[in-house]
Amino acid sequence: MSGAALGLEIVFVFFLALFLLHRYGDFKKQHRLVIIATLLAWYLCFLIVFILPLDVSTTIYNRCKLAVNSSPAESNGSYVTLAPSKQKCFKPWSYIPNGIMPIFWRVVYWTSQFLTWILLPFMQSYARSGGFSITGKIKTALIENAIYYGTYLLIFGAFLIYVAVNPNFNLQWNQLQTIGIAAANTWGLFLLVLLLGYGLVEIPRSHWNGAKRGYLLMKTYFKAAKLMTEKADAEENLEDIMEEVRKVSESIKYNHPLRKCVDTILKKCPTEYQERMGRNMDDYEDFDERQNSYPSEKSLVKLHKQVIYSVQRHRRTQVQWQILLEQAFYLEDVAKNETSATRQFVHTFHSQEPENKIIQYFYTPTVEWYWECLLRPWFYRVLAVVLATFSVIVVWSECTFFSTKPVLSLFAVFIQLAEKTYNYIYIEMACFLTIFFLSICVYSTVFRIRVFNYYYLASHHQTDAYSLLFSGMLFCRLTPPLCLNFLGLTHMDSTISHKNTQPTAYTSIMGSMRVLTFIADGFYIYYPMLVVILCIATYFSLGTRCLNLLGFQQFMGDSEMTSDLIDEGKELIKREKRKRQRQEEGETRRREWKERYGNREDSTRNRVVHTDQKESSFSETNTNRPLSKYTRSNGRTERDRIELLQDAEPLDFNADSIHDDPLELDSGR
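In the UniProt record's numbering, the protein residues as written are 1 to 669.
The reader is advised that the hints may include incorrect statements.
As the list claims (entries may be wrong) - Only pairs whose alpha carbons sit at most 20 angstroms apart, straight line, appear in this in silico EDC-like list of lysine to aspartate or glutamate:
#1 305 <-> 236
#2 579 <-> 595
#3 577 <-> 567
#4 357 <-> 368
#5 577 <-> 587
#6 260 <-> 243
#7 577 <-> 558
#8 223 <-> 144
#9 305 <-> 202
#10 219 <-> 243
#11 336 <-> 564
#12 298 <-> 244
#13 298 <-> 243
#14 247 <-> 236
#15 219 <-> 297
#16 212 <-> 338
#17 305 <-> 239
#18 302 <-> 263
#19 231 <-> 326
#20 231 <-> 571
#21 219 <-> 584
#22 298 <-> 250
#23 219 <-> 564
#24 247 <-> 297
#25 219 <-> 333
#26 226 <-> 571
#27 298 <-> 263
#28 574 <-> 584
#29 574 <-> 585
#30 336 <-> 144
#31 298 <-> 144
#32 212 <-> 372
#33 219 <-> 144
#34 302 <-> 368
#35 260 <-> 297
#36 260 <-> 275
Said to hold, decoys possible - Label pairs and their calculated CB-CB ranges:
#37 448 <-> 407: 29 to 37 angstroms
#38 407 <-> 146: 47 to 55 angstroms
#39 32 <-> 371: 18 to 26 angstroms
#40 448 <-> 359: 41 to 49 angstroms
Note that these hints are calculated values from the structure, not bench results. Quick reminder that beta carbons are idealized off the backbone N, C-alpha and C, glycines included.
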């Protein structure tokens, strides 16, 4: 089993990252380099979270083995004996041989840092560039990142000058490396506490509110009103951009040097706009530079960038609107079925996607009713209580993890109790649950936040390349300080525990933070206490209230604006529901018409064809008779009448458009 657990987790984490990226990204439409870079960033960050508990259990075993093999006289060296008893140490099932973990952490950490500080910012600018060539996109990306790279070089230079001026330091490569790691972790820890304070309160509260009857439905109405406004804005913006594209396409003819750029822009437009512009374009006219003023290449680059952004935004709002409609219809069905006497879940509309037969066999309407109407609210309440308990433990430990005598951090108490009995399964499970909960609080906030329309992770393959790359940057910057914070909570970091014990392989890669004492003994210890203030602010929704005052509508139960948007969203859902019902009724009538008259039309068609064959054979044998042409014409008239009857469809009296003009009705007849 040596190294088998490491290999299994490496494979499992890869498929987990691939699944999440497939949910948010679009493998078919987005560039392969964007997909690969984002997948690598997510994969490395998730890998650190899953592998770190194995590092902790291996370190505890190494400490035990060192303590058993060392005598009290030899324990005055570099390591202190933790277990002076001569009992044999049990090797954990997930033990990783010496020498593997340091190399593994070094490769993972420095690869993630290269991604987040150099490659991903460059690829962000490259993906959003409107250039028509690779050289143009690279040039634009370098110009946009000049200020970005210069800022971080200035910060690193400030740290370097501080260490060089201080006479207590002898500047070496290892210390210089530690300064860079400290600067990156300081930036990440600053953002980590902000996101963690929000997630510790919002995740339990969202599950508790999800158990309330009608809460999710009201929030869905609120989202529908906001999304409709965004959808209309996206459609209007797309129309304006397409109008500019049409003017440019009509002005730049087929033999113009910039026509290739215009064709590239047209390929990014929706299909219906491409067909409309293609019909109105006359390629037989030559261009004349003396008579007409043509747009420059720089303006075409800007237009190309606007087209990419507007088309992506329009497509995203359309998909999100359909998903929100399905969610609203389902929540309305849940509200109706709560009072059902038959205890069978009845859907208003059938699912548009084919359901799995296995799921359909086990998840019957009766099972669905018990789950949605009875069990699910209680399950959400119990889960919310468990998550709230974890949040309280995390907040308490963040405020007391610096205390070693006595040990006040609850996570450190759990790990030390398990360390005495060398229960490695318990140690790994406790470490995994702790760091997994911290990761959920931080990463879920990254998936939830939205910075206007520049950064937004939308599910169902609707996230643009810029947002995917930005999320990879955030993950790579947040994960290392998150793991260091976890090791501090469990007192596995010698900087926190103040013990000269064997460190974990992850801590050894980070280096000793004693090079910068004001960070190791100050910022890393006291700044995480700020999570208490952030949790209180999140609990009272101070951030939501501030955004509401600034004009950004947020869901608040005691707000008049929220009530108006809920009413507006309710009317929008009703309108879409009536439209869906009319469509299904029309399809049902057409299906019934075909089932009722389809066989009769087929038999009539066969009888007419048989009669035509007889008449044609009769006319061929009697070509001298003048009456044969009338027989053929009558047969053709009969066939035309049958075809008209076959194409006729039942009238839909609930249709949206009804002809009131009698002239149109007469012409229709």
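Taking the hints in turn, this is what the structure says about them:
Note on residue 305 and residue 236: the hinted pairing holds, with a Cα-Cα distance of about 17 angstroms set against a maximum of 20 angstroms. Simply put, residue 579 and residue 595 have alpha-carbon atoms about 25 angstroms apart, too far for the 20 angstroms limit, and the pair is violated. Between residue 577 and residue 567, the direct Cα distance comes to roughly 15 angstroms. Compliance with the 20 angstroms bound is thereby established for this hinted pair. Distance check on the hinted pair: residue 357 and residue 368 sit about 15 angstroms apart at the alpha-carbon level, within 20 angstroms; holds.
For the suggested pair residue 577 and residue 587, the alpha carbons sit about 15 angstroms apart, so the restraint of at most 20 angstroms is met. Our distance criterion of 20 angstroms between C-alpha atoms is met by residue 260 and residue 243, whose separation comes to about 19 angstroms. As the CA atoms of residue 577 and residue 558 are separated by approximately 28 angstroms, the hinted pair breaks the 20 angstroms bound. Between residue 223 and residue 144, the direct Cα distance comes to roughly 35 angstroms. Violation of the 20 angstroms bound is thereby established for this hinted pair.
With a C-alpha separation of about 36 angstroms, the suggested pair residue 305 and residue 202 falls outside the 20 angstroms cut-off, and the hint is violated. The suggested pairing of residue 219 with residue 243 is violated, with an alpha-carbon distance near 36 angstroms, which exceeds 20 angstroms. For the given pair, residue 336 sits about 23 angstroms from residue 564 by alpha-carbon distance, which is inconsistent with the 20 angstroms threshold. At roughly 15 angstroms between alpha-carbon atoms, residue 298 and residue 244 fall within 20 angstroms of each other, so this suggested pair holds.
With a C-alpha separation of about 18 angstroms, the suggested pairing of residue 298 with residue 243 holds against the 20 angstroms cut-off. A hinted pair counts as satisfied when its Cα atoms are at most 20 angstroms apart, and residue 247 with residue 236 qualifies at roughly 17 angstroms. About 46 angstroms separates the Cα atoms of residue 219 and residue 297, which puts this hinted pair outside 20 angstroms; it is violated. With a C-alpha separation of about 13 angstroms, the suggested pairing of residue 212 with residue 338 holds against the 20 angstroms cut-off.
Taking the CA atoms of residue 305 and residue 239, the gap is near 15 angstroms; set against the 20 angstroms cutoff, the hint holds. For the given pair, residue 302 sits about 15 angstroms from residue 263 by alpha-carbon distance, which is consistent with the 20 angstroms threshold. Taking the CA atoms of residue 231 and residue 326, the gap is about 17 angstroms. The hint holds against a cut of 20 angstroms. Taking the CA atoms of residue 231 and residue 571, the gap is about 16 angstroms. The hint holds against a cut of 20 angstroms.
Between the alpha carbons of residue 219 and residue 584 the distance comes to roughly 27 angstroms, so the proposed pair goes past 20 angstroms and is violated. With a CA separation close to 18 angstroms, the supplied pair residue 298 and residue 250 stays within the 20 angstroms bound. For the proposed pair residue 219 and residue 564, the alpha carbon gap of about 12 angstroms is at most 20 angstroms, so the pair holds. A hinted pair counts as satisfied when its Cα atoms are at most 20 angstroms apart, and residue 247 with residue 297 qualifies at roughly 15 angstroms.
A threshold of 20 angstroms between alpha carbons decides the hint, and for residue 219 with residue 333 the separation of about 16 angstroms falls inside it, so the pair holds. For the hint pairing residue 226 with residue 571, the CA-to-CA distance comes to about 13 angstroms; that is within 20 angstroms, so the pair holds. As the CA atoms of residue 298 and residue 263 are separated by approximately 16 angstroms, the hinted pair is consistent with the 20 angstroms bound. Straight-line distance between C-alpha atoms of residue 574 and residue 584 comes to about 15 angstroms, which keeps the hinted pair within the 20 angstroms bound.
For the suggested pair residue 574 and residue 585, the alpha carbons sit about 16 angstroms apart, so the restraint of at most 20 angstroms is met. Distance check on the hinted pair: residue 336 and residue 144 sit about 54 angstroms apart at the alpha-carbon level, beyond 20 angstroms; violated. Taking the CA atoms of residue 298 and residue 144, the gap is near 16 angstroms; set against the 20 angstroms cutoff, the hint holds. A threshold of 20 angstroms between alpha carbons decides the hint, and for residue 212 with residue 372 the separation of about 12 angstroms falls inside it, so the pair holds.
Distance hint between residue 219 and residue 144 is unfulfilled; the C-alpha atoms sit about 39 angstroms from each other, more than 20 angstroms. For a cut-off of 20 angstroms, the pair hint linking residue 302 to residue 368 is broken: about 52 angstroms separates their Cα positions. A C-alpha spacing of about 11 angstroms is found between residue 260 and residue 297, which places the hinted pair at or below 20 angstroms, so the restraint holds. Restraint check for residue 260 and residue 275: satisfied, since their Cα atoms lie roughly 18 angstroms apart, inside the 20 angstroms limit.
Range check, residue 448 to residue 407: about 34 angstroms between beta-carbon atoms, so the 29 to 37 angstroms window is met. Distance hint check: the CB atoms of residue 407 and residue 146 are about 49 angstroms apart, consistent with the given range 47 to 55 angstroms. Checked against the hint of 18 to 26 angstroms, the C-beta distance between residue 32 and residue 371 comes to roughly 41 angstroms, which is inconsistent with it. At roughly 28 angstroms, the beta-carbon separation of residue 448 and residue 359 lies outside the given 41 to 49 angstroms, and the hint is violated.
In the structure shown, a violation is registered for the earlier hints numbered 2, 7, 8, 9, 10, 11, 15, 21, 30, 33, 34, 39 and 40, in ascending order.
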